[in-house]
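Peer 1: Sequences and hints are given; from them, build the entire structure.
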Amino acid sequence: MTKSNTDMLDPDDGASHELRNYAIGFGVSLLLTVGAFAALLSHLPTVWKVSAICIAALLQVMTHARNFLHLSLSGRQSREDLLLVMFSTILLAIMAGGTYFIMADLDGRMHDMRDTQDMEGMPAGG
Amino acid sequence: MTRTTSPIFGRLDWSVTPYTDLLRKVDSNSLVGAGAATVLVLGAIVTIALITWKKWWGPLFKDWLTSPDAKKIGIMYIVLGLVMMARGIAEGFVMRTHQTTALGTLAEPEKGLVAPEHFSQLFSTHGTIMIFFVAMPLLIGLINFVLPQQLGARDMAFPVLNQVSLGLTAAGAGLVMISLLIGKFGTGGWTMYPPYTGITYSPGEGVDYWVWAILISGLGSTLTGMNFAVTIFKNRAPGMEFMRMPLFCWTSLCVAIMLIYAMPALTVSSAMLALDRYAGFRFFANDGGGNMMNYANIFWMFGHPEVYILILPAFGVFSEISSTFSGKKLYGYTSLVIASMSIAVISFTVWLHHFFTMGQSAGVNIAFGIATMIIAIPTGVKIYDWMATMWRGRVRLTTPIVYLTGFFLLFVIGGLSGIILANPSIDYQVHNTTFLVAHFHNVIIPGTLFGMLAGIHYWYPKAFGYRLDETWGRRTALLFVAGFMLTFLPLYVLGLMGLPRRSPTFQNPAFMPWMIVAEVGACLMLAALASLFWTFRTSFKNRTKLAVPGGDPWNGATLEWSTPAPVPEWTFPCIPEVTARDDWGETKRAGDPWRAPDTYSDIEMPANTLHGLLIAAASFGLGFAMVWHIWWLAIVSFLAIPGIMAVRGMREIEPKIIPASQVREEDRKFRERVASLTPVTRADEASERNQGVPDLSEFAG
Ligand code: HEM
Ligand SMILES: [Cu+2]
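Protein chains in written order, with the numbering used here: chain H, 41 to 166; chain G, 69 to 769.
Label pairs and their in silico Cβ distance ranges: (1) 343/G - 123/H: 31 to 41 Å; (2) 91/H - 75/G: 38 to 48 Å; (3) 713/G - 84/H: 32 to 42 Å; (4) 117/G - 56/H: 53 to 63 Å; (5) 429/G - 56/H: 54 to 64 Å; (6) 123/H - 654/G: 27 to 37 Å; (7) 452/G - 56/H: 54 to 64 Å; (8) 429/G - 73/H: 36 to 46 Å.
What the hints contain is simulated information worked out from the structure, not anything from laboratory work. Idealized CB from N, CA, C, for every residue including glycine.
Peer 2: In structure tokens:
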């Protein structure tokens, strides 16, 4: 009655499949990360850069969920997994959307830094 | 304040202890600082000496520090929380005393026990400690102890990870503690808002102590959340459907979900602050593309769910005790479940109410103000449910019920002042005054603290085999209630009169009467703390008289009361088959609940391991080294963590096997014991006749 603590993979039983899965996940993540940096350092217009980075980030999240966390939308656990994905998406959307809502509003109401810099040379007003 | 950084000692040198301040200048301020450090050092020496003298090192190490048993880990969390609470309450007392003596004049505005800078350190450590190292360990500890037992599981899903979480929390607490003796703590409050906490305005080690304590312990809490969630999803006993789980398990599930989704926000905001401070990033510098307001935004994305993390376990405890001590079924189980879940989700949509005054437009404020008020609805539902549970029950005025009553009366006041603050236009008037200080203490103390103390009192016999002394327990509870009212209700008035929060000084003599009342209250809080510790002591001395080997001292209805007290390491001799909500209660109603299982089998338990201790030591080393810029130590500790994990991962680890014969023997002894004890009626529950076997005919729950 001994059992390892690690749930070690049985080499005869799909271990190579599992390993390949992890390796693919790793490769794809690496590519997406490098891609994001490449986009940043490139000479594309800013809008393109930002969208490229965002898309790379989203794809990377999906890769991690699929290859590392073994989420899948078909199979034994699909219902639970779907619920989990939906719940996470809702919460993340609340956080990201809320941040955008708040920070965009704050940004719109702030003094533009360039204006302040322009005014530096001026005599102090009342 | 640029200091040279030595390659070996970083920025550490002899000038960093409070004793150097004392040598430089003797006044009440440096005396308080050195006094606190001395208490810490003496406390450590006395503890070590006591353990050595009693030869406790072996048992401490073997039975506790290396144990992956969730029950023991839970108890250790609670001990950590109570020790830190002693410091937190002492600091609260010093702050109140300072303010009572701080009435200045226009000519001499600064007065009082401690210097303003020291006062800022006090509220920063007090807030940090109370939230992260008192409230969190208490509730995580309680859940660790209770959750598996209520679910019918032997342990958490990941016992060793559990140990690591405890280690990380303790490492964070250790960093805050050591800041008393070595260097200073930050002065930016428990929220540490930049730009004040940026490197320009806070160049020393203070903010870094906070950052590393939070990063390390926060990671521990995230892991804990995952552990709880997996345990609830995967380790329930057969038949323990979701809608059969006791309410404490439901609130634990909410806590788990919130820990998983909220703690990362804190990790992110603190990590960004660390990058700003260490690596010259400008996330929170307004020039150079950053935005300091985003710190408040991310921090409170964690911060608001956090306050519900603090309160929900207390709600769970109150659900259990209101039903047990009035001998009735919990009223409105389903509504309580729905309310808890709604609170958990809605609490992610309200964070902006912590910075209504930061300058966003009215529309944004209104949206979050309304969301905030909506949370009051599920909370109100719960209060009514508990009152309905007790309605026409035969309520026994035990210690937990005293706490519950205090909670009913006071928490509602605190909640209502929260609704007032949820209105942005009112918040503009009173934010940053002691009105707010009164509000959050008003929900945290009667809510979280009372809930945790009630829970400790309720489940203590399960852990140690004897009840806590009821007389002292009630005295403690009453002292906390009275102390709370005197300390904090005056702060509402002071806030409306215009006393700012975090203010070391004021010049308005009209504040004084309220200050003095609050000071009396702070004394009562100290007395309550002393009385709490006395309760533990005197109960320990009387443990033979208070013993409840039958294991069910309160005539409870949930699974954890079916086992002996103290509960054995393996909890259940064989995993129970659950057939109903309040399964143990149903078994009692069916008669003869203490029937032995037909067969026993070997039980597999996780083996003791050093893993958690090692990770804790390495992460403490990492935090301390980063605070003092001791780079070599930081690198070594940082690499040690994956190293320790790799070593464990490569070893094959045998679980501990408890042979069926031993389980059968112990179980037989327990059942014979139960049969030999005289059942006790409810009326005698608080007397020595209570030996843990209740009178079944009285069970109605
Ligand atoms: C038991 C007696 C207690 C006393 C006498 C006390 C006293 C105080 C005082 C005087 C302040 C500073 C108020 C100001 O800024 O003007 C404060 C702040 C605070 N307290 Fe307490 N307190 C107590 C318990 C607690 C508990 C149990 C908690 C939470 C679990 C808590 C959490 C906080 C927090 C978060 C702050 C804000 C710190 C900051 O401004 O950053 N306190 N307390
Ligand atoms: Cu909030």
